[in-house]
Amino acid sequence: MDSDTIMEPMDLKVRELLKEVQLDYSSATTKLVDDTVSAIKQAIDTIPEDLKVTADFAPQFVRDIGADKVEFNFKKPKLFEIGGSYSIRCVAKPDVDIDLFVRLPKECFHEKDYLNHRYHAKRFLYLCIIKKYLNSSSFIRKVEWSTLQNEARKPVLVVYPAMELAEVPGLSVRIIPTATSLFSILKLNLKRNNVCSLKQDESTPQATPKYNSSILEDMFLEDNAEFVKRTFLGWKELGEALILLKVWARQRSSIYAYDCLNGFLISVIMSYLATDSGRNLINNSMKPMQIFRVTLDFIATSKLWNTGLYFKSQSLLNISKEELLERKQYLRLFPVVISESLAHFNLAFRITGGGFLELQDEAVLTLSCIGKCKDGGFEELFMTKIDYPAKYDYCMRLNLKGNSDVYALGFCLDEECWRSFEQKVHFLLCQGLSDRAKFIRVSWKNATSECNVENGLSIFDREPLLIGISVSSLEKAFRVVDVGPNAEHKDEALKFRKFWGEKAELRRFKDGMIAESTVWESKQWERHTIIKRITEYLLLRHLSLSERNIVHIVDQLDFSLVNGVGDSISFSGSLLEAFEVLSKRLHLLKDIPLKVSSVQPLDSAFRFTSVFPPEPHPLANEKSAVPRLNKLTSTCIQPLEVMIQLEGSGNWPMDDVAIEKTKSAFLLRIGESLQNNWGMICTATEENVDVFMSGYAFRLRILHERGLSLLNRQNGSNQLKHISSVDKELFTRGQHSSMINGLQGCYPIYGPVVRLAKRWVASHLFSACLVEEAVELLVAYLFLKPLPFYVPCSRISGFLRFLRLLSEYDWNFSALVVDINSDLSPSDEKEINENFTSSRKGYEENAQNVNPAMFLATAYDKASEAWTRFSPNSSELRRLVAYARSSANLLTKLILGGQIDSYKWECLFRTPLNNYDAVILLHREKMPYPQRLLFPSEMNQGKHVAQGNASKAFHPFLLPEHMKGNSPDLKDTLLVDFDPLRCFIGDLEAKFPNAFKLWYDSLGGDAIGMMWERSSSKKRGRSEENEEEKDPVNVLKAVGEVGKGFVRSIYLLKSPRLRN
Amino acid sequence: MGNDMEVKKKKKKQKLNCRSSKLLEIGENVDKVVQENKENKSSGKKKRKREKGNQVHAGEAVKFSIEDKSNEGERKRQKNKSSRKKNRKNEEKNRVVLGKVDRPEEEVAGPGQSKTQSKTENSNRPEETSVAVDMRTSKSKKAAKNKEEKFTKSSKKQVENEPDEVYHISSGDEDCSKGMKKWIMEYHQSRPGLKILQQRIDEFITAHEAEEEQARKEREARASEGGWTVVVHHKGRKKTTDSESGIAVGSVAQAAVMDKMGKKKSKEIGLNFYRFQRREAQRNELMMLQSKFEQDKKRIQQLRAARKFRPY
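Those protein sequence lines, which keep their order, are chains A and B. Sequential numbering from 30 applies to the first sequence in the working numbering. Sequential numbering from 18 applies to the second sequence in the working numbering.
Derived by calculation from the structure, the hints in this document are not laboratory data. Just so it is clear, the structure is predicted and the values come from calculations on it, not from any experiment. Keep in mind that the hints are not guaranteed to be accurate.
[What the hints assert, rightly or not] What the simulated footprint calls covered on chain A by chain B, stretch by stretch (three residues with Cβ under 8 Å from a Cβ of chain B suffice, anywhere in the stretch; the number is not a length):
1) 282-288
2) 680-691
3) 707-721
4) 978-986
5) 1066-1077
Cβ coordinates follow ideal geometry from the N, Cα and C atoms, glycine included.
Okay, chain A solo, but in the shape it has when bound:
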């Protein structure tokens, strides 16, 4: 037995993960590090002693920071020491940066240099000198500026060695100056003011705790590193747990940030837990994963955060009174306190309240992942990227480049101007959104590489300020009226008015209360933009920003759902009403042999998940009068399928064909009866019966209960084939419809996300690969199993997560189980699992072909037979995954900092046409709904093989001469469910079986992609056909002939491979 068998899957995975991220301390690596460090030392050694350093080295920086008297004579550093994660062997790849502490010599500083940013200025000048000399070293490729935890007044140097190792690409050494015992600790007490520009305007000097902490941090850097080192060295499990936590945190960009968590703070928290002060919650017998869990649990739930974490020092056991007072002060100043009792310095002074809430929340979520997700949540914990776009429902970017108001008061006071601005924005949004938002995260990353800090601090506004908003609940987020203070409370009312300006209005409410309020009137289907309107209004009102500098990601994709002028989802209400009436009428029918026992909607328009729910058609109603028709009245109408069940009878025929015919007969009778009783117009083919009502066309289908009962009885047995497939299909569709309908009721945002997803699938010509229902299930999965996120509350975050699910899910080795209402019992799950494994049996022999490639199991379909049985196949799925990945990446990029123009957003739905062997372009004006075309396709490559004229037989809109006719004639011009694309595809597949594969957009695209089917050697017999047939040009010409009057032009990009 090898060691793998004794371990649990989670442990095994964790071990593999650690192997991936741990730095191998091989001789080559250590040598590289040592060489680099000694190269740095040598370079510094060449600096002449007592070199006179003045502000002239970086005048702008010194001026911006507001320091006076910064001249000093250069002395060599007192100490070089490697600290940080490298020294405790806890580096987590891919960021391999080695901290090199360089102790600033006391001789360079005066006793009072802690005042007025003098220390910061001198520190920077010192580094400037070092940088100058490093540049001349041949061992060093380049030296760049960076900042310590995004603090612009504390830059650090990043040194890249000339040699690169394949195992550790991008290795760098950060030169971090330390100020051990440079100043008196007492002078840097939190209550003291050390920045004189703050003194001037107020009589009582304002304390500068952040500024003081900033200097104290440098003074204690070495000590703290030493302390962490003491705890971690020689404790392998602890180190591994630290790496795990780092990986965990790094996947969560909202908490692995300057104002929240960093590697050092994690190690401090862990050291706290591993020592007496933290009551030894972590002990030697624990495994890495256990330590991981304990630490997260501590972060998530401990009450100690309210009092602060203090390291006990050995000498002082009981705490003095002053000490306690001091602590209280800490807590008033900082949301989180982690302190050594003697040091009088809060290690966590950068953590903001918002950041910490976010951290605790993430920890809670992670703990529930461990409990609820399969395989201990390994994927969710360590492998899933939780960045702003996916995590937050609403993302905003403020472009503040060159906005001088940000630093109007000066760049650095107690706090830096960027941090104060963040707080201002955060405060504004919190107040403005009140309970609409659960979390608001404001973060402004200043550090950009390749910037010259010497030229001043104004360059730090290049990156946009990023805001993430998590919605508390959709009802609150979509609320139209915000009620403010009662008018009687004058002070509060005044405050409210001041905050909201002209938006505030006095309103009388139903309960008689008169109160200040704000109203955000908007249509039902535009409610998701309310948050955008509020935030934009407030930011414009209170901050001097122009509108084009605010980018709120909320409605950028709505263009894809527009049908002509507006979003036709607004007609859903009238559709449901019409359906209710129809259902009532069907129930009331008396002149049919069997009564209607139930009526159920099947079409996705009834459950708000149709990309284009039909709009009421002026000709499709009961009245015989001709309504006034506007110019663009469509000649086509989409039928909406409705399933009818009849009361039981023993007189049904026994075989399938006869059953179907009998159903048709029934439907005809029903149609006639509806026509007679209510004047509803009915039109029928041998398969379908459509009735017109209230502007909609309903297609009636009958579910025969015998098929259903058979289905129930033979659950699990193999006799399923016997049931007529029509009934089975109807049954599953009915089940699916009611299931999704229920889900849509719980999550109103589900519908829009599905619509975006469906539109995306179609616009990349995957209509033939992934059926609508499968998309609905995929999106349903996001809502039912949201971990490690919350349930998405905006269409964009939902859509992004859909794309990521599609691209990242392990389709080959896992079944996707959609369990609405948690219907599935353990035995059901077992059954699903068995079905899945049996479907994957063929994988070993042929990894290319497993069926179904996408295993979607539900309570009504445990073997994934309903939607993905034949498509997508493995190769289609691969393509789908690749498209989803690139779309997801693009969308992420757009949210985080793309251009503002809409073109890039459109690219999400623009599909490249050069990925096909041949492309057929269609006549746009001959498509049934030309207004649904997103982007007209044109080809500028490939060989133009054929082109065709448009037919005059069909027009998507009523012609003027039609409008003159009387009503019955007009109604005859209405085409139900006429889709030339479908006819074309059908004809092509019938005429050229297995010759090529077609990719198309059934929602209204004007391009069809073709790919030659690789002909297997078996079909050799057929290759004796005459040569002309094989010539791709001739084939394409024949294809064009099949689509006469519809095909605009055909381009050949690639000829099929030679058959041999």
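Here the structure of chain A is known, so what remains is to put chain B in place on it, guided by the hints.
The following block gives chain B in isolation, referenced to the frame of chain A:
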């Protein structure tokens, strides 16, 4: 019970009678047979109603079908005429276009179409002997192609982007066998009206039932040849209404059966009654766990191969 038995006997007798009578008049028309048969067997009122309906419809069907044919004939003629007209119109238009537009592709299109008819006589390739309607078009296509070649060659200098010939597809408005025109036509043909559809279905059902009856009879006849009386189990037609109250019971009975089946199950001995059962269950569970574990292991190997542990 006794009553019931008698009724059954009577029914059987009737059936036998009927069979014998039918055996005598084999040559008789099938419709009648089916009718008799049904009247004999079905006691439900509804069924009878539908029968009558069927009869009536059947009568209508004949009429309609005749009308239909005549109509179709007319329609065809009209269509031919109109299509010819359209053709002419097209040609005219094309000529006009030719005069105005100076893009080379359209130039190709114009004369290619207008000269089709003259060209048809010259070309006689083997493919063109398929369908009458197709003939003209396919010829015309060929002709158009020929023409095109000439034109493209002559106008090569003008077409710089596409040095190869661009095949031209006609709009197809004159041709009902392919493309948009065909789809529209098929659409309209598939919706002949409720009445006609009803007829078709009725015809189908009568024919279907007759066929089935025939098959059944043949089967029985074959079996009874050897002097055996065939007792047939009649699925689904046993008893659809209660003889006294006239309430439909077919579906109820089904429900009752289901109910019974449900009850039966509960009587079975529990799965963990015997010790061996429990032991087996335990063993199965162990096996399951083991197999699951094996699977996990395999999966991890695959994952490792796919480098799925890298979090970046």
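Okay, the hints, checked on the actual structure:
1. 282-288: With 0 residues close enough to chain B, the hint is violated.
2. 680-691: holds (count 8)
3. 707-721: holds (count 5)
4. 978-986: As far as the stretch 978-986 of chain A goes, the hint holds, because 6 residues have Cβ atoms under 8 Å from chain B.
5. 1066-1077: Holds: 9 residues of the stretch 1066-1077 of chain A have a Cβ under 8 Å from chain B.
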